[in-house]
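So the protein lines, in turn, are chains S and G. According to my numbering, the stretch in the first sequence is residues 1 to 246, in order. According to my numbering, the stretch in the second sequence is residues 1 to 219, in order.
These are calculated hints, taken from the structure and not from any lab test. Being a predicted model, the structure only gives us computed values, none of them experimental. Any given hint might turn out to be false.
To be verified - Under 10 Å between C-beta atoms, here's a sample of chain G residues computed to sit facing chain S: (1) Q71; (2) R114; (3) R119; (4) P130; (5) R137; (6) P141; (7) H142.
What the hints assert, rightly or not - Counterexamples of contact, computed for chain S against chain G with all Cβ distances above 12 Å: (8) R7; (9) P11; (10) H12; (11) G24; (12) D51; (13) G77; (14) V81; (15) G115; (16) D219; (17) R225; (18) S231.
Idealized CB from N, CA, C, for every residue including glycine.
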Amino acid sequence: MLSARVRKKLPHFTLDVDITCPAGAILVLTGPSGSGKTTLLRLLAGLDQPDEGRIRLGGAVWCDTSARVRQKPRQRGIGLVFQEYSLFPHMTLAQNVAYATNDHAHAAALLDLFGIAHLAGAKPGAMSGGERQRGALCQALARRPKALLLDEPFSALDAATRAALRGELLRVRDRFAMPIIHVTHDLAEAALLGDTVLSINAGAVDPHWFDVQAAQRLDEETVLRGRLARSAPPPGLFPTPEGVPA
Amino acid sequence: MDPAVGFSVGLTLRVMAVAVPLLFVFGVPLGYLLGRGRGRLVGLLDVLVSLPLILPPMAVGFGLLLLFGRQGPLGAPLLRHLDVEVIFSFAGLVLAAVTAGIPLMVRPIQAAVRGDLSRLIELSSVLGKPWFVTFLRVVLPHCRRSVAAGLFLATGRALGEVGVSLLLGGDIIGRTNTVSLEIYNAVFTGDFPRAGVLACLLALVSIGLTVALKRTGGE
Chain S
1 MLSARVRKKL PHFTLDVDIT CPAGAILVLT GPSGSGKTTL LRLLAGLDQP DEGRIRLGGA
61 VWCDTSARVR QKPRQRGIGL VFQEYSLFPH MTLAQNVAYA TNDHAHAAAL LDLFGIAHLA
121 GAKPGAMSGG ERQRGALCQA LARRPKALLL DEPFSALDAA TRAALRGELL RVRDRFAMPI
181 IHVTHDLAEA ALLGDTVLSI NAGAVDPHWF DVQAAQRLDE ETVLRGRLAR SAPPPGLFPT
241 PEGVPA
Chain G
1 MDPAVGFSVG LTLRVMAVAV PLLFVFGVPL GYLLGRGRGR LVGLLDVLVS LPLILPPMAV
61 GFGLLLLFGR QGPLGAPLLR HLDVEVIFSF AGLVLAAVTA GIPLMVRPIQ AAVRGDLSRL
121 IELSSVLGKP WFVTFLRVVL PHCRRSVAAG LFLATGRALG EVGVSLLLGG DIIGRTNTVS
181 LEIYNAVFTG DFPRAGVLAC LLALVSIGLT VALKRTGGE
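All chains should be modelled from the sequences, with the hints used to inform the complete structure.
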């Protein structure tokens, strides 16, 4: 179980949240831009420090401001995937994964698991966005992390690739049984992936934000569907992308 | 080859053989610190490193002469404890070359370590690597073009250095007269052919460095 109760003063508001995520579950953090989601993820990773608070994974205390415990990111044993720059551009995919672990068999097994073993010798610049993010997941999982933190890892991908990677993330959840914290703007992605969905708005948990946004989007879609029905577009003009849930 | 010209060329090569590795050793961490560091101390260091670009070389040379002279705050302890005399010696020429080249070595690296690199450094840290592994395996390879560009620029600048070398080295014939100082001497004594040959030699090296710089992709 990953648990965090943190408080950090930011330029426009104070981030003040209390979260828990059990092993084998995905906690989705969603909310408007600049609401503090990524900052929370950075606090969990140890890339930023809270003004006050305590972060624990099971019995291990990663940070406790009252006891002056502040573990460095490298001591926390986490996997982290950013939206971009999640692989080292000067290394091949195999070197990227090997950078995280000395267990070459494990690294090779991960590349196989994500279906990108044939790209082992390729550099990130020569890979597609989806391949890069699969590679980033391999790298993050290579050191057998105790928790996985994902900062909008699929947001720069096309709809079909995003849908495929969501499926792979669910497989990761079931196979590796660790807490996974996933930050996304995408409401559908939040609903599909999250065992728990937590909306953060202006630094605090907002229990209504997700429902309001979802209702608004449904309204918009209803209007669009009505408009399309009236204008009767030629068949095939708006194909549904493969793998994207309706 | 005229023995005086041969000596100047040999001396310049020896100075550069020491100065270029020093530019690398000091320039890369300094560029990293100035690019990523925060605070007044870093700001002050940035200004100090830029001074040789802004100030007239004679003024920089004079400042270093005061610092590293026999009675200077740095020169006196160096002489007393390490028996190293900087002024009018080979060490003075190396110091002049490094001083002239360091701003140009540092700037490209300073620019390269900002931006995207922050994420890669964080990623390396999260992957469990200590800072020196991150520096060697992530920062240096990521900045290799900038390091190469910095080295080419700094070497070119150091090769042509006259003002600081004149004050720290003294332009003593047969001892501290590097190629650029020898051009000055040759012109001063009316030996234009010798000045021409040496100037062409420096120009050729500079063109070579410029071509190398273009090939690294640096600007």
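Please write out, lowest number first, the hints stated earlier that are contradicted by the structure. Hints 1, 2, 13, 14 are the ones this structure does not satisfy, whereas the remaining hints hold.
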